[in-house]
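Given the coordinates of chain A, work out where chain B should sit on it, guided by the hints.
So the chains spell out like this:
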Amino acid sequence: MRRLLSGNEAIAEGALAAGCNFFAGYPITPSSEIMHYMARELPKRGGVFIQAEDELAAVNMVIGASLAGAKAMTATSGPGFSLMQEGIGYAVMVEAPIIVVNVMRVGPATGQATKPAQGDIMQARWGRHGDQYLVSLAPSTPQESFELTIEAFNIAEELRVPVMLLIDEFIAHGREIVVSKRIAAKYRRTVMGEGEEPFNSMNPKIAPPLPELGSGKYLLITGSTHDGRGYRDVHNFETHFNLVRRLKDKVVLNLDKLFMYEVHGDEEPDVLFISYGSTARSAKEAVNILRSRGVKAKLIRLKTLWPIDIELIKRLGGNPRAVIVPEQNLGQLIIDVERIYNPFEHRVMGYNKVGGGIPIYSSELVEEALKVLSCGG
Amino acid sequence: MEAKHPTREYVREEVLPTTFCPGCYNGIVMNAMALAFKELGVSDLRNYVFVSGIGCASWIPNPYLKADSIHTLHGRAIPVATGVKLAKPSLNVIVVAGDGDLASIGGNHLIHAARRNMDILVIMVNNLVYAMTRGQQSPTTPQGFITITTPYGNFERPLDVSRIIAETNANYVARWCIVNFTQLKESIKEALAKYCKGFRFIEVWAPCITYVVRYEGNTPGRALKEMSRKCVPLSDYEKLPVEKRDGGIAVGVFKKELKPGFIDLYRSYVEKAVGGVGST
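Same order as they appear, the protein sequences are chains A and B. Just so you know, the working numbering puts the end of the first sequence at 377, numbered straight through with nothing missing. Just so you know, the working numbering puts the end of the second sequence at 657, numbered straight through with nothing missing.
Next up, chain A with everything else stripped away, as it sits in the complex:
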């Protein structure tokens, strides 16, 4: 089916296609359309929609529903995402599969409420206290918003991990043709095999099974450090270290499956762009313009913002004279890029612009690239 959908609507459609049957949310611009869509569709389809009293409640309702067996999602923007951090940390600890959409807007604080930004990508990774790993994805078009939402549900179910979907207002409110693709929905393991425990796994790449509440397993679920059976252990080093290491490993050891990207342009570029989300669209156009002018250019567009495979990026990027990282923030992904390309050996530079709803234009990136290349280095 082909439809003209905004990114927000495409995410809601993707969620429904993935089998989402529970949504809790709190009004906030520019993410509200996701909630509106779910408010209209879920009751008709036998699902549950509830407007929460705040974002703390929204994310915790989603966690409760997930533990009871639902495929559950919430959506928010900057300030709401900040409030949801404690709940996301809890979901990591109890290994509840949940989806949190953050339509990034200009911050900090209330910022420019309706204007797009990409300033929350580090918060999505590290916004909570304690060691923890989760997954964050960044679609670049409404079509990809649809597809990556289904992927997000599948990753969450399979790894029992919260998945963040980060878009910005350009994609959230921009309308494009979306073709509904069939992507098989995955479900978590709910049956515990012989010797299996709900909070431990012999194979660190595989998440433990999670029986639904009410299945007679007398589950003990706690955000405190716990052993494989769920019993609180707030004293022993081994219990804690094994737990947080397993929670990390289950994400990091699946890097090959989780790290999604697109490469566009010349094999061995002189200028390499590394970008994501709406900004990557300008970067892609910049690559095309540069190539038409005889400059070897390439874009690596990250669909997965965390975890990222820096070795793979290094292999894909070749040995460019300049690396440009355009972002609608003051420089966040560039911190990773500088781990890949030593700034003393390569010209690594950010192209940063945020506020007022003004995008990073491809013409600016072309100009920047030509300037950098003509300066030598």
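Just to be clear, a hint being listed does not mean it is correct.
Said to hold, decoys possible - Listed below are the simulated SDA-like cross-link pairs for lysine to any residue, each with C-alpha atoms no more than 25 Å apart in a straight line:
(1) A:K205 with A:H240
(2) B:K465 with A:P209
(3) A:K186 with B:P466
(4) B:K465 with A:E53
No lab work stands behind these hints, which were simulated from the structure alone.
Here is chain B on its own, set in the frame of chain A:
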């Protein structure tokens, strides 16, 4: 013959004894709950989900009750319980937490769950302080009380949580002192059986043995005696002149109704949605 406690089937025996302080009233609350299940003929707790927050009372279900239990973040028991109930309405969802958890950091959730008449039972064990973190002043600490954060006597006035919840759309609200064991047990039974839908709230006045009772130079036994003097049935309490109410604890059932709960209302809403009423 081996003597068996009449309610041991509801308890995870492998984690006993509890870590509660000697003399802690949490055991009485737990016993009232377990006896209520027993007298209701509940053979096991597989259809019950207990949700708790952070604090001493929150340890009653997790890990001591042999049931599914979720020990949530501080203050977030009610939203998690809401999610569980809505995703699987066939489960009986019971929140057990303290005054700090439910009335302070989780106060907004408490009021809104009551407003929605959400189909859960909330048992608030009111120990008058933040006991797990050394007895700081809580929203229910009486005026004049000495705590570690009010070393010269609490000058703030406490919140009457039951009275507030009774003013919302909640179906059932009751308050009992720990000395009213039978009434408490009967109330729990009533809130699970006869008034089995909508938001049900039972406050248990159970002063912390370590940071309230001993701070006052009392012993657990003497404190119970004093408490039975202070407990005044709701109807009598209202007749007292205001100046004589000071220090008294009004106990009883504030409210019992069988109005449609959130689940009932949502089901009729779904019928409208399926019928296309009001959709855009």
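Against the structure, the hints come out as follows:
no., hint, verdict
1, A:K205 with A:H240, "18 Å, holds"
2, B:K465 with A:P209, "19 Å, holds"
3, A:K186 with B:P466, "24 Å, holds"
4, B:K465 with A:E53, "21 Å, holds"
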